[in-house]
Amino acid sequence: MERPLTNFIRALRSSDVRVSTGEALDAAHTLKLIGYADRSMLKDSLACVLAKSPEEKVTFDELFELYFSRQETASNAEQDQTDSSDNDSSETDASNLVDLMESGDESAISLALEKAAEAAGVDNIRFSTQVAYYAQQMVKQMGGEALQARLLEALQQGGPDGDAEAQRLIDVRRDVTLKARDRAEKAFQVFGTGETQQFRDDYAAEKKLSAIDRSDMERMKRLIAKIAKRLAVKHSRRKRRRNRGQLDVRRTMRANAGFDGVPFNVVWRQKRKDKPKIVVICDVSGSVAQYVRFLLLLLWSMKDVVPDMHAFAFSFRLGSVDEVLEQNDFETAMAKILREYGMGSTSYGQAWSDLKINHEQIIDRRTTLLVLGDARSNYGDPRMDLFREFAARAKRVIWLNPEGPGLWGTGDSVIPRYAPFCAQVTHVSTLKDLERAVDEILSAYN
Amino acid sequence: MAKDLSTGYEPMTSVDAITAGLEGVGYISTKQISTAVFLAHGLRKPILIEGPAGVGKTDLAASLSRWLDLPLLRLQCYEGLDEGKALYEWKYGKQLLYTQILKEKLNEVIGDAGSLESSLGKLSSFEDLFFSEQFLESRPLLTAMKQEVGSILLIDEIDKSDEEFEAFLLEVLSDYQVTVPEIGTIAANVPPLVILTSNNVRELGDALKRRCLHLHIGFPDHARERRIVRARVEGLEESLLDQMVSFVQSVRDVDIKKRPSIAETVDWAKTLLLLHATALDETFVRDTLNVLLKHESDIAVIGPEVPKMLREAAAQKPGNRTASGYPNLG
Numbered sequence: 001m002e003r004p005l006t007n008f009i010r011a012l013r014s015s016d017v018r019v020s021t022g023e024a025l026d027a028a029h030t031l032k033l034i035g036y037a038d039r040s041m042l043k044d045s046l047a048c049v050l051a052k053s054p055e056e057k058v059t060f061d062e063l064f065e066l067y068f069s070r071q072e073t074a075s076n077a078e079q080d081q082t083d084s085s086d087n088d089s090s091e092t093d094a095s096n097l098v099d100l101m102e103s104g105d106e107s108a109i110s111l112a113l114e115k116a117a118e119a120a121g122v123d124n125i126r127f128s129t130q131v132a133y134y135a136q137q138m139v140k141q142m143g144g145e146a147l148q149a150r151l152l153e154a155l156q157q158g159g160p161d162g163d164a165e166a167q168r169l170i171d172v173r174r175d176v177t178l179k180a181r182d183r184a185e186k187a188f189q190v191f192g193t194g195e196t197q198q199f200r201d202d203y204a205a206e207k208k209l210s211a212i213d214r215s216d217m218e219r220m221k222r223l224i225a226k227i228a229k230r231l232a233v234k235h236s237r238r239k240r241r242r243n244r245g246q247l248d249v250r251r252t253m254r255a256n257a258g259f260d261g262v263p264f265n266v267v268w269r270q271k272r273k274d275k276p277k278i279v280v281i282c283d284v285s286g287s288v289a290q291y292v293r294f295l296l297l298l299l300w301s302m303k304d305v306v307p308d309m310h311a312f313a314f315s316f317r318l319g320s321v322d323e324v325l326e327q328n329d330f331e332t333a334m335a336k337i338l339r340e341y342g343m344g345s346t347s348y349g350q351a352w353s354d355l356k357i358n359h360e361q362i363i364d365r366r367t368t369l370l371v372l373g374d375a376r377s378n379y380g381d382p383r384m385d386l387f388r389e390f391a392a393r394a395k396r397v398i399w400l401n402p403e404g405p406g407l408w409g410t411g412d413s414v415i416p417r418y419a420p421f422c423a424q425v426t427h428v429s430t431l432k433d434l435e436r437a438v439d440e441i442l443s444a445y446n
Numbered sequence: 001m002a003k004d005l006s007t008g009y010e011p012m013t014s015v016d017a018i019t020a021g022l023e024g025v026g027y028i029s030t031k032q033i034s035t036a037v038f039l040a041h042g043l044r045k046p047i048l049i050e051g052p053a054g055v056g057k058t059d060l061a062a063s064l065s066r067w068l069d070l071p072l073l074r075l076q077c078y079e080g081l082d083e084g085k086a087l088y089e090w091k092y093g094k095q096l097l098y099t100q101i102l103k104e105k106l107n108e109v110i111g112d113a114g115s116l117e118s119s120l121g122k123l124s125s126f127e128d129l130f131f132s133e134q135f136l137e138s139r140p141l142l143t144a145m146k147q148e149v150g151s152i153l154l155i156d157e158i159d160k161s162d163e164e165f166e167a168f169l170l171e172v173l174s175d176y177q178v179t180v181p182e183i184g185t186i187a188a189n190v191p192p193l194v195i196l197t198s199n200n201v202r203e204l205g206d207a208l209k210r211r212c213l214h215l216h217i218g219f220p221d222h223a224r225e226r227r228i229v230r231a232r233v234e235g236l237e238e239s240l241l242d243q244m245v246s247f248v249q250s251v252r253d254v255d256i257k258k259r260p261s262i263a264e265t266v267d268w269a270k271t272l273l274l275l276h277a278t279a280l281d282e283t284f285v286r287d288t289l290n291v292l293l294k295h296e297s298d299i300a301v302i303g304p305e306v307p308k309m310l311r312e313a314a315a316q317k318p319g320n321r322t323a324s325g326y327p328n329l330g
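Order-wise, the sequence lines are chains A and B.
Reading the first sequence from the start, the letters are residues 1 to 446 in the working numbering.
Reading the second sequence from the start, the letters are residues 1 to 330 in the working numbering.
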């Protein structure tokens, strides 16, 4: 009875639940303790051992229902079968298959299906496109070829008898195929869905952000939530580095007051790391708006890790969008921002001077100034003086440019003039690029 | 690992026995909780309990200790907790004091030795004098290892500790042994039943999670909450109990900063009892809302909704509600 468990664990793994070998062993021990008899207790126990976060528990619940419902029909059928019949159906011929299907004995049929499924290796299914293939393989295992031959015979024979026989065989073939498809479909749900999702996710993460259409938005949102979580876990660890060699005299004396001042416990000075502070300035003119949407969504999902985060949007006039983002759900907020700031003709110079006049104090020495824009300023004054000032005030300036490096400096693009004051100018076009950029920004605080 | 199991854990023979035993000491368990405890005992693995504050994570450990009559050793985690506080420490002061007192005795011992070498030889025959168990201050983890018939070790709010400490726990939790360099390895005769709790302040490391059984305790459903309140607060009228539990359950459905947990329900029940309430009415609920809700903004959100919620709570038939929040508790 170990096989169902290993298969179940394989299904879990393919759906993004990480199960280590140690945990698999624990699960086997658990089965020994609990047994298969009490289904709900089995579920509770395995959930304890295998799924270790709320998200994993949800996946676990779904898969458990799917997987063990199938398992149950199989094992029930097996029991029935061992009682009633002793024929070895590995090489079922056509008449056996016809008899079986026409008998209407559900448990016998599902047992035969299970056997065929195992022989055809249906549980190795990975993509939905393979369902038809595996179904066919199953039918073959159950004697589909012999059936086909007899069907041909009947058709050649002709006459009312032959036609009736052919019709009967066609019905049987259709039933078998349908059942096999169902079985393969189920196998795909258990073993394949996770991998297919993974495949599509990988594809979406590599896709150009400007090319992502409405239908993919839900997937992107899910992906971004996942990325935000990953980054949050990575960067929420509070890091304190010891400065070895620098004695903290005051704290050492206090710690050792109980020992008559003899310094048993030596306390070293510690350096506290800065908490990250991000000020993001987004060009929301038409060409960049789509990128802004994803960047803001990603950053705003990380509010817990970086509470000190402020966003500004501009095309002509610049304004703070913190409040809009906080008070509305993301889509509404985004629409409002685009309506309010997205209309003017882009002027980086104007944006800098607005920032200087209204919000200068927001930039301090632990701020990362994050600019997202194509630096196409309609030939206006880029106000290098102000930008230089911000760069000097801030911890560093990172510029994310949705345009490829080949276009930098062409036409009205002034990015080469801003670049010397930036710690980094990066071309971002996919979700992966965004993740890398945000990761990099947060790493600077460790 | 086949060690004698005739220990303090004997009453834990089945999941049902655990549920019944816990109920005997006033802890209303669920199937999930009892199963996890049973497995923890069977597989000899720690349980990591996650869930909102005040749903009885810590209380589970305390109740187990009461039921099994085993000592409860509690290690409260906080930022900066280190081995010295968790495992053991040498009693420096006592060591110092003893050297002072024994100085003269030492002179006597060494006195007749001729050379430096021979006196060193004499001294080294007492080598373990100062680094023996006598001078070892054992902290919760070590104490738990030394218990003869087992113990309940509660490592509370592990998410508040530093990552280094989490890594250090791995040895203790997987082998149930502790290494003191000067003395050697101290292994537990009967491993303690370990319960770790976390409020998810930070994500715990995979290594730790892998070594533990994972249990999520969420908010209770109507029936269970009712039983808990009844077990904790005596003398509350049935109709009032129904009404107040329904009310709390509906408060939990609202999106507020801190949803009231069992602890708050129990407090509220005590308040109602103290004020001799016989039925919930609007002004009464408003006046005592601060027992249930701990944020000004939450009270502002719920306050205007009180009449509506009360009407709904009164109409509510007990038992047809399910718990909000994951996972569903049976």
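What the hints contain is simulated information worked out from the structure, not anything from laboratory work.
We treat Cβ as the ideally placed atom computed from N, Cα and C, and that holds for glycine.
Among the hints, a few may not be true.
Which residues of chain A face chain B? A few of them, derived with a C-beta cut under 10 Å, are [as the list claims (entries may be wrong)]:
1. Ser14
2. Thr30
3. Lys32
4. Asp44
5. Leu50
6. Ala51
7. Leu66
8. Thr252
9. Arg254
10. Asn256
11. Gly258
12. Asp322
Per-residue hint verdict: Gly258(A), partner chain B, C-beta under 10 Å: holds, 6 Å
Taking 10 Å as the limit, does the beta-carbon of Asn256(A) come near enough to a beta-carbon in chain B? This interface hint holds because 9 Å falls under the 10 Å limit.
Close enough to count: is the Cβ of Leu50(A) nearer than 10 Å to one in chain B? holds, 9 Å
Should the interface hint for Arg254(A) be scored as holding, given a Cβ-Cβ cut-off of 10 Å against chain B? violated, 15 Å
Tell me if the interface restraint on Thr30(A) is satisfied: Cβ within less than 10 Å of some Cβ in chain B. holds, 6 Å
Go through the hint on Ser14(A) and say holds or violated, using the shortest Cβ distance to chain B against 10 Å. Given a least distance of 19 Å, the restraint on Ser14(A) is violated.
Quick one, is the Lys32(A) hint okay against chain B at 10 Å, beta carbons? The hint holds - Lys32(A) has a Cβ within 10 Å of chain B, the shortest such distance being about 9 Å.
For the restraint on Thr252(A), tell me whether the closest CB of chain B is nearer than 10 Å. Hint violated; Thr252(A) Cβ to chain B Cβ min 14 Å, cut 10 Å.
Satisfaction of the Asp44(A) interface hint, Cβ to chain B closer than 10 Å: holds, 4 Å
Identify whether the interface hint at Leu66(A) stands, where standing means a beta carbon of chain B within less than 10 Å of its own. Violated - the Cβ of Leu66(A) stays beyond 10 Å from chain B, reaching only about 17 Å at its closest.
Asp322(A) as an interface hint toward chain B, with CB separation required under 10 Å: violated, 18 Å
Quick check on the hint: Ala51(A) CB to chain B CB, less than 10 Å? holds, 7 Å
Checked against the numbered hints given earlier, this structure breaks hints 1, 7, 8, 9, 12; the rest are met.
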